[in-house]
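Residues per chain are reported as follows:
Number of protein chains: 2
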Amino acid sequence: MEKYFDQHISRRFNEELEALRSHVMKMAGTTEEMLADAIAALVEGDTEKAEAVIAADDQVNLMEKRIDEEAMQILARRQPTASDLRLVMAIVKTVNDLERIGDEAEKIARVAIVLTESERPRNNYYELENMAGHVRTMLRDALDGFVRMVPEVAVSLFRADKKVDDEYEAILRQYYTYLAEEPRKTSRILNAIWIARSLERIGDHAKNIGEYIYYLVEGRDVRHMPSDEKEQALLDDGKD
Amino acid sequence: MEKYFDQHISRRFNEELEALRSHVMKMAGTTEEMLADAIAALVEGDTEKAEAVIAADDQVNLMEKRIDEEAMQILARRQPTASDLRLVMAIVKTVNDLERIGDEAEKIARVAIVLTESERPRNNYYELENMAGHVRTMLRDALDGFVRMVPEVAVSLFRADKKVDDEYEAILRQYYTYLAEEPRKTSRILNAIWIARSLERIGDHAKNIGEYIYYLVEGRDVRHMPSDEKEQALLDDGKD
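As they're listed, the protein sequences go chains X and Z. The first sequence begins at 1 in this note's numbering and counts up one residue at a time. The second sequence begins at 1 in this note's numbering and counts up one residue at a time.
Hints listed in this document are in silico derivations from the structure and should not be mistaken for laboratory results. Because the structure is a prediction, the values reported are computed rather than measured. Misleading hints may appear alongside valid ones.
Identical copies carry no separate label here, and so any pair may be met within one copy or between two of them.
Using 27 Å as the maximum straight-line C-alpha spacing, the simulated DSS-like pairs for lysine-lysine come out as follows [what the hints assert, rightly or not]:
| id | residue 1 | residue 2 |
| --- | --- | --- |
| 1 | 107 | 163 |
| 2 | 26 | 185 |
| 3 | 230 | 65 |
| 4 | 162 | 185 |
| 5 | 107 | 230 |
| 6 | 230 | 162 |
| 7 | 162 | 107 |
| 8 | 65 | 163 |
| 9 | 65 | 185 |
| 10 | 65 | 49 |
| 11 | 185 | 230 |
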């Protein structure tokens with residue numbers, strides 16, 4: 001009887017953890033959609049789509065509060081230790097980054113609305129659409145890493161983030177040239193800069209999520225390591 | 001703060017929580033200094049000072065990892081509940097915002113170094129120095145709120161953040177005008193925009209810390225409430 005009771009409790013605990021995890025997935029899926037829609041709104045000049053993204057951010061904020069509350073309940077009632085505790089803490093941190101991703105997607109949507117009033121550039125913001133594609137892939141990889149609990153995702157996200165940072169720098173240099181050459185288009189170019197900046201930050205957040213997954217699975221905190229050292233640490237661990 | 005401690009049977013647990021709290025204070029103090037020095041470096045054109053800020057960011061990153069580790073140890077070994085659990089969670093969140101404040105201060109320092117190579121504006125970045133003063137006050141208030149555990153700090157930080165946001169918008173409008181008028185100074189003006197943006201974000205982080213203190217003391221999560229509702233909620237609670 002005692003044993004059955006233990007198992008019963010632990011099964012319910014597992015269900016709670018599973019529910020927590022699935023709520024995080026749902027939140028991550030929503031932020032990924034927001035990003036896709038915000039960029040579509042920019043490229044298509046679709047104000048309605050942009051407004052839907054802005055509305056979705058309220059949902060994401062609510063999700064963050066609910067998941068935090070759920071995590072606190074689990075900590076208080078189940079007092080998890082070891083990998084369960086790491087899972088809960090990784091979720092609390094992940095949710096924080098997801099919320100900020102939602103904020104950035106919302107900012108992009110707001111700028112997209114402003115930009116419907118400017119003349120469209122000949123390439124229709126191709127460089128931003130392209131960069132957003134890379135950032136979306138990062139987000140999907142982070143999500144996938146979370147589902148499958150593969151620490152290697154930290155390595156690929158770390159590398160992808162470096163590439164996105166380079167892409168951002170290149171776009172910025174291009175825009176700086178435009179700014180100096182075409183002062184008449186200052187406002188449009190600055191708005192495009194804000195979008196590039198938001199995309200770059202979303203990449204950072206996706207990379208952070210990779211680090212939480214790594215910490216969760218491997219029990220080792222690789223945040224803020226110098227680049228070379230971190231890459232080596234991640235690769236070494238990957239080999240074991 | 002006393003009330004959180006006198007409930008504990010274990011003196012050792014009290015000491016652990018006190019150590020955790022004092023490490024957060026130290027980290028907060030460091031980020032505040034970084035902000036002050038980064039702006040001083042900008043105003044004085046002092047590259048050495050800027051480089052010290054950049055170096056200090058490594059310290060802040062390390063502090064975050066250590067405090068997180070400490071918090072995890074406490075959660076695993078002491079399995080705190082109620083207000084102790086809220087304290088630990090508020091600290092984990094606060095430390096995350098402090099780390100991002102450090103990042104922004106570092107960014108300001110990096111831009112300050114680049115700007116030593118540009119001609120200085122006649123007002124010597126007075127508008128940024130002024131904005132930074134307001135943001136530093138916010139940081140100090142957040143720190144003070146944490147020491148004294150006063151939830152009212154959430155109200156004053158919420159209002160101060162609104163003012164800083166308005167200030168940021170005003171500075172941006174001014175810079176946009178300069179950009180259109182003086183394309184020759186594009187690079188300098190864009191760099192000044194980055195600094196204003198970083199200051200605005202530091203204000204956001206300070207406001208977040210106010211919300212964690214509020215949650216910790218009052219047990220109520222006021223994040224993401226619509227402005228009016230939040231202000232009302234904070235004021236109503238303040239009155240009880």
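Now the hints, each set against the structure:
1. 107 - 163: Both: 23 Å inside a copy, 20 Å across copies.
2. 26 - 185: Close neither inside one copy (40 Å) nor across copies (46 Å); limit 27 Å.
3. 230 - 65: between (32 Å within a copy, 15 Å between copies)
4. 162 - 185: neither (30 Å within a copy, 30 Å between copies)
5. 107 - 230: So residue 107 and residue 230 pass the 27 Å test across copies only (21 Å; inside, 31 Å).
6. 230 - 162: within (13 Å within a copy, 39 Å between copies)
7. 162 - 107: both (23 Å within a copy, 17 Å between copies)
8. 65 - 163: between (32 Å within a copy, 26 Å between copies)
9. 65 - 185: neither (41 Å within a copy, 44 Å between copies)
10. 65 - 49: Within. Shortest intra-copy distance 25 Å satisfies the 27 Å Cα cut-off; inter-copy 40 Å does not.
11. 185 - 230: So residue 185 and residue 230 fail the 27 Å test inside a copy (41 Å) and across (39 Å) alike.
The earlier numbered hints that this structure contradicts are 2, 4, 9, 11.
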